[in-house]
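4 protein chains.
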Amino acid sequence: MSGNTLGLLFTVTTFGESHGPAIGAVVDGCPPGMTLSEADIQADLDRRKPGTSRHVTQRKEEDKVEILSGVFEGKTTGAPIGLLIRNTDQRSQDYGDILQTFRPGHADYAYHYKYGFRDPRGGGRSSARLTAPVVAAAAIAKKWLKEHYGTEFYGYMGQLGEIEVPFQDKKHIAENPFFAANSEIIPQLEGYMDELRKAGDSCGARIEVRASNVPIGLGEPLFDKLDADIAHAMMGINAVKGVEIGAGFKSVSQRGSVHGDDLHPDGFASNNSGGTLGGISSGQELRVAIAIKPTSSIMTPKHSVDIKGQPITVQTKGRHDPCVGIRATPIAEAMLALVLMDHALRHRAQCGDVELAVPPIPASRPGSQLD
Amino acid sequence: MSGNTLGLLFTVTTFGESHGPAIGAVVDGCPPGMTLSEADIQADLDRRKPGTSRHVTQRKEEDKVEILSGVFEGKTTGAPIGLLIRNTDQRSQDYGDILQTFRPGHADYAYHYKYGFRDPRGGGRSSARLTAPVVAAAAIAKKWLKEHYGTEFYGYMGQLGEIEVPFQDKKHIAENPFFAANSEIIPQLEGYMDELRKAGDSCGARIEVRASNVPIGLGEPLFDKLDADIAHAMMGINAVKGVEIGAGFKSVSQRGSVHGDDLHPDGFASNNSGGTLGGISSGQELRVAIAIKPTSSIMTPKHSVDIKGQPITVQTKGRHDPCVGIRATPIAEAMLALVLMDHALRHRAQCGDVELAVPPIPASRPGSQLD
Amino acid sequence: MSGNTLGLLFTVTTFGESHGPAIGAVVDGCPPGMTLSEADIQADLDRRKPGTSRHVTQRKEEDKVEILSGVFEGKTTGAPIGLLIRNTDQRSQDYGDILQTFRPGHADYAYHYKYGFRDPRGGGRSSARLTAPVVAAAAIAKKWLKEHYGTEFYGYMGQLGEIEVPFQDKKHIAENPFFAANSEIIPQLEGYMDELRKAGDSCGARIEVRASNVPIGLGEPLFDKLDADIAHAMMGINAVKGVEIGAGFKSVSQRGSVHGDDLHPDGFASNNSGGTLGGISSGQELRVAIAIKPTSSIMTPKHSVDIKGQPITVQTKGRHDPCVGIRATPIAEAMLALVLMDHALRHRAQCGDVELAVPPIPASRPGSQLD
Amino acid sequence: MSGNTLGLLFTVTTFGESHGPAIGAVVDGCPPGMTLSEADIQADLDRRKPGTSRHVTQRKEEDKVEILSGVFEGKTTGAPIGLLIRNTDQRSQDYGDILQTFRPGHADYAYHYKYGFRDPRGGGRSSARLTAPVVAAAAIAKKWLKEHYGTEFYGYMGQLGEIEVPFQDKKHIAENPFFAANSEIIPQLEGYMDELRKAGDSCGARIEVRASNVPIGLGEPLFDKLDADIAHAMMGINAVKGVEIGAGFKSVSQRGSVHGDDLHPDGFASNNSGGTLGGISSGQELRVAIAIKPTSSIMTPKHSVDIKGQPITVQTKGRHDPCVGIRATPIAEAMLALVLMDHALRHRAQCGDVELAVPPIPASRPGSQLD
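Chains as they are written, first to last, in our numbering: chain A, 1 to 371; chain B, 1 to 371; chain C, 1 to 371; chain D, 1 to 371.
In short, the hints are calculated from the structure, not lab data. In this text the structure is predicted, and so the values were computed from the model without any measurement. Don't take each hint at face value.
Claimed, not checked - Simulated restraints on C-beta separations:
1. A:PRO311 - B:GLN168: 32 to 40 Å
2. C:GLN310 - A:PRO265: 53 to 61 Å
3. B:ASP353 - A:ASP169: 53 to 61 Å
4. D:PRO265 - C:LYS317: 19 to 27 Å
5. A:GLY150 - B:ASP97: 41 to 49 Å
6. A:GLN58 - B:SER53: 53 to 61 Å
7. B:GLN90 - A:PRO360: 24 to 32 Å
Note that CB positions come from ideal geometry on N, CA and C, so glycine has one too.
Model the full structure from these sequences, guided by the hints.
Shown next as structure tokens:
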């Protein structure tokens with residue numbers, strides 16, 4: 001199937017461009033009988049939407065979702081769920097210049113040579129705006145996983161540019177525009193962003209995502225390991241340059257005697273695995289981290305060439321996100337939810353329905369989740 | 001399609017277990033008319049095979065591949081290519097004990113609860129032995145990519161446990177059992193491995209993979225970005241816990257003014273992107289890094305439980321790899337080749353045949369590849 | 001991928017229900033650079049739309065399509081093409097009764113037991129209205145195939161109930177509401193339909209579809225033969241109960257000496273194969289026939305049961321098609337076009353781009369097409 | 001996925017050529033825990049194998065299957081099941097001549113122009129020999145369906161050339177080499193075949209296939225209707241030119257008042273639908289018919305051309321099947337079983353596990369199956 005569909009059984013097919021009339025998704029394979037309304041979806045969309053603080057793009061989009069199909073009298077019918085979000089704040093008058101140039105770090109160059117030309121309006125299909133339908137689709141997955149397994153998702157910023165953001169408490173995440181699980185570091189982050197904006201520059205971010213109450217047994221050997229499909233989904237988010245599961249790159253310098261998570265009758269003693277063993281969920285908390293590169297659209301002039309290969313200087317004007325990572329947390333959660341949902345269905349196809357298989361030992365040990 | 005098939009158009013479906021009668025793969029979608037013989041495949045298999053140095057598993061396997069189909073008078077016909085490798089050194093007499101226990105860090109626990117029971121002989125399906133058919137299949141992809149685009153692959157060890165392995169020269173890679181691109185560090189690596197083995201412990205590794213002469217335009221928005229499919233393939237390799245493209249996690253603390261690779265009439269000035277822009281190959285060298293966790297089978301006793309949840313102590317006896325990362329380089333190359341091959345076919349399906357589209361500017365600038 | 005997507009590379013994912021707010025499709029994998037506007041699509045939609053004669057459903061739908069994405073400055077960009085058709089004539093007030101009963105021959109019974117309940121409004125997802133997005137999507141495929149290979153499609157009614165409709169001339173097809181390639185039989189067909197309507201009954205139809213200038217080489221052994229994928233697509237149309245390629249069921253009683261189409265330097269002498277050999281297009285005219293069952297919604301009372309299994313009598317009131325086959329011709333053409341388009345892309349993925357491979361002998365011989 | 005894989009969740013990937021070293025299949029997605037041995041598979045293979053009567057090809061093949069993987073201690077593990085059948089009776093010495101010519105009705109012409117050349121040995125990939133791995137794979141599906149739902153399959157010859165073969169009793173099918181459910185017609189069929197062989201000609205056949213105890217609810221709207229996937233699978237069998245479900249082409253001339261199967265508290269009153277409603281199984285007996293064309297390899301000379309387009313005469317020498325339809329019954333059963341198995345898993349993925357959902361009314365009424 002083509003590149004705009006995610007998943008094998010719970011599939012999300014998106015369409016739309018940044019400055020076209022609308023964006024949206026078709027969600028197929030949703031189990032029937034689940035209550036669903038626009039309100040269930042809107043909450044997550046609102047967490048992602050632009051313009052919520054001065055640190056992100058000032059584009060004004062309500063991101064109001066319309067369910068076009070797949071729901072009857074408030075319940076999913078098993079038919080595909082059409083989701084539509086109209087674009088309202090397109091400003092595409094003056095892209096003519098952009099069409100002739102390649103902005104360093106942007107998709108321009110690759111799109112141009114792949115397709116022969118490109119839609120330059122706000123990045124077209126390569127815009128981060130296209131994560132909105134993904135977040136909308138994932139809200140459906142989250143609801144089902146919550147109802148069936150009690151699965152819960154949360155994400156938070158682990159690092160903003162050079163500043164590490166220590167995890168204090170989950171409750172802080174919703175209290176600030178950075179999705180920081182930390183109540184004291186916000187002024188420092190705000191100062192950092194203001195300085196960046198003044199310098200006409202941008203920075204990257206590290207986002208952490210977690211899922212708890214994940215059923216044991218999700219993921220398929222060999223190629224479609226749960227972590228492999230998570231890596232695929234995460235690396236599919238705009239600007240992501242790295243993905244880690246559990247100890248990630250730290251495991252390179254760990255000894256085996258340290259890395260392997262001991263098992264005790266009351267659960268795993270640690271979580272270096274990040275919740276997967278042999279590519280299959282172990283019931284422990286799933287732990288994923290992603291690296292997001294600094295925004296390419298900056299006010300600082302950069303060397304580039306035009307489509308004829310002639311040297312030019314490129315400098316972004318107008319609104320932009322100095323750190324796309326700030327709004328990435330709900331997107332990363334969404335991707336994780338979509339992968340789990342797809343694998344929950346794949347698992348019950350092959351192995352039958354299970355309501356969170358509970359082994360003689362609990363999957364997690366008190367206090368083992370945050371080592 | 002189920003989890004044992006990789007790719008959409010150039011598909012590799014593997015089968016087999018560590019200690020079953022045979023392992024193998026069916027490679028479908030190969031373009032017709034390419035000369036192919038067992039010899040083309042055997043070379044890569046030999047680079048991966050066990051028992052080549054004292055630092056890896058001492059299992060004796062010839063890994064001799066037989067082509068069962070898809071080739072007529074030395075040429076691929078377009079029909080699926082069946083590849084068969086007989087297992088010869090199975091020692092599965094005494095697995096009874098293993099069946100009752102979960103080895104920390106192993107797939108045992110997850111397989112047991114997913115499938116209800118498991119094949120314990122040498123790890124069954126979760127054994128790293130199953131990378132052999134992948135390497136065999138990828139040899140076909142490499143050959144085609146080389147003939148069509150001049151694409152070349154190489155990988156090397158970037159770090160062994162705590163020891164960084166500086167890149168000196170590609171030519172050294174084949175001169176030592178570590179795939180180190182460095183001629184001086186070998187004694188240090190050997191000493192480190194000997195010490196680990198004495199300590200009954202294991203370590204992780206960081207592997208770097210590169211592809212040059214990659215056509216511009218490979219990769220599909222949105223979900224099947226080239227880097228997304230690379231991440232999927234790499235995370236599907238046993239023991240991989242992290243994947244990076246280009247600057248990877250370093251991009252978190254980079255400024256946009258630094259990260260974005262400038263373009264000049266003679267090529268890109270740097271390669272922080274790792275060869276993809278917007279998920280599409282830019283023609284620059286592809287750069288991927290993976291983190292491999294330390295081997296779970298160690299001589300050091302670990303706490304665990306048996307399948308009834310009772311506490312036990314687990315200690316591996318007999319042959320094992322103290323660092324599975326040592327043999328991972330050809331496997332990582334193989335995965336990269338399979339992803340590129342699949343996307344080369346996907347690209348020409350949608351956009352027509354191209355023989356390495358050459359833009360007015362060359363994709364790489366003299367000296368820009370190793371910054 | 002789930003059941004609402006057709007195709008591997010040129011994929012059509014539809015959504016919507018008969019009486020929901022909208023129906024539509026996402027068309028992914030379209031080659032870039034083709035001029036496309038709503039007008040290109042509307043023509044085929046208009047041929048399919050209801051209410052065009054007194055012999056079909058009187059539902060009033062404009063079936064006006066909106067392109068939501070994938071086109072920039074009048075050209076396809078390679079991004080997914082979102083197509084939206086708003087429903088305007090929904091009359092869903094009084095379905096309460098239908099929800100409790102199973103109409104004989106309808107999907108009610110199967111949907112109810114598959115999903116646990118169903119959307120009863122106008123048949124919900126099982127309505128023939130859902131062929132509109134398919135026709136819209138196929139208009140894109142037809143345009144591309146025409147431009148690249150000169151491929152042309154036409155279909156016609158071969159039989160209406162008990163009345164065979166002899167083929168006279170292609171030009172007549174557009175001159176009557178039955179898609180009959182015959183100018184003299186129309187009064188007889190009209191009389192037959194009027195009589196049926198008076199009797200409160202319905203009838204089936206046999207539709208013939210043809211494609212000419214089909215490139216040689218489309219179709220993939222083993223399972224995805226061109227004819228296999230055509231059969232899949234055709235049998236996916238509502239009410240279709242049979243599919244034939246070429247001589248079809250007549251080939252059962254043919255001798256091999258008669259059935260096998262002789263080859264001469266000026267082309268094939270006959271076309272019993274229907275344009276495929278070994279599941280691959282031979283360049284001859286593609287010939288497909290489908291059987292459409294009589295409409296299940298009839299004014300004649302039928303025995304049935306309610307959802308509790310109690311006996312009831314079911315009798316349709318209000319508007320309905322006495323022969324859904326009358327409007328099926330453009331739908332069958334659409335399905336054929338989608339399959340050819342998908343296989344055209346699949347072929348050039350594996351075998352490279354070909355502009356209608358021309359063998360030393362022409363694929364068709366003068367006069368051989370209509371034997 | 002490429003064309004040599006059937007199914008979405010229960011996937012069968014075949015490889016091999018008629019005269020290569022081996023043929024085989026990888027069966028992926030099989031539920032774990034089912035007992036399975038070669039003996040379970042061999043029985044169906046033996047029903048299909050050549051050389052069992054004087055009316056079929058005299059090629060001597062034992063068709064002995066080896067299970068290479070996916071089974072541990074006699075039970076399926078959930079890992080892919082590798083199946084291998086060595087070819088033993090290849091006679092490929094003198095194909096040189098065939099390579100230069102196109103045999104009318106054969107795949108030669110299409111393969112040649114698709115791939116640029118072809119494997120001529122016994123038809124290569126296009127040989128009916130490749131149905132052996134399909135039959136082997138389907139034996140696994142049949143076993144699982146039988147154990148879970150009590151599903152049973154049988155097929156029989158409905159017509160041989162011009163001779164209709166009336167259905168008398170299922171028990172006769174295994175008593176004659178024609179799979180005729182009729183004990184009296186056998187001498188007539190044998191005489192017909194002897195005459196054909198003397199005439200150097202061949203004939204077609206009509207095969208009927210049935211499945212009973214099919215769970216309600218299998219099949220997916222819109223495109224992957226159960227009947228659509230059945231049509232795809234059946235048309236994928238060599239030499240099949242037509243597929244019917246239930247009343248098939250007879251439904252064209254049926255009135256709606258006759259065609260629609262009445263429902264009564266004790267079941268359906270008839271079975272014109274053939275066991276599907278809206279593309280979803282209704283629990284009634286599944287009824288499929290296929291048309292098989294006469295064998296193309298005949299002793300009668302036919303006009304053709306060589307690969308340079310020059311006129312030639314083609315005449316088959318040596319062993320051949322004068323009616324490939326004679327051995328097609330177990331193949332058609334196999335295809336039906338594979339489709340049902342795949343949809344059984346797809347259904348429980350989306351809708352949860354069901355052990356043959358039993359509605360308040362039974363799916364079939366006493367005596368309704370053979371109307």
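Quick rundown of the hints versus the structure:
no.	hint	result
1	A:PRO311 - B:GLN168: 32 to 40 Å	holds (34 Å)
2	C:GLN310 - A:PRO265: 53 to 61 Å	holds (55 Å)
3	B:ASP353 - A:ASP169: 53 to 61 Å	holds (56 Å)
4	D:PRO265 - C:LYS317: 19 to 27 Å	holds (24 Å)
5	A:GLY150 - B:ASP97: 41 to 49 Å	violated (35 Å)
6	A:GLN58 - B:SER53: 53 to 61 Å	holds (59 Å)
7	B:GLN90 - A:PRO360: 24 to 32 Å	holds (31 Å)
In summary, the one numbered hint that this structure violates is 5.
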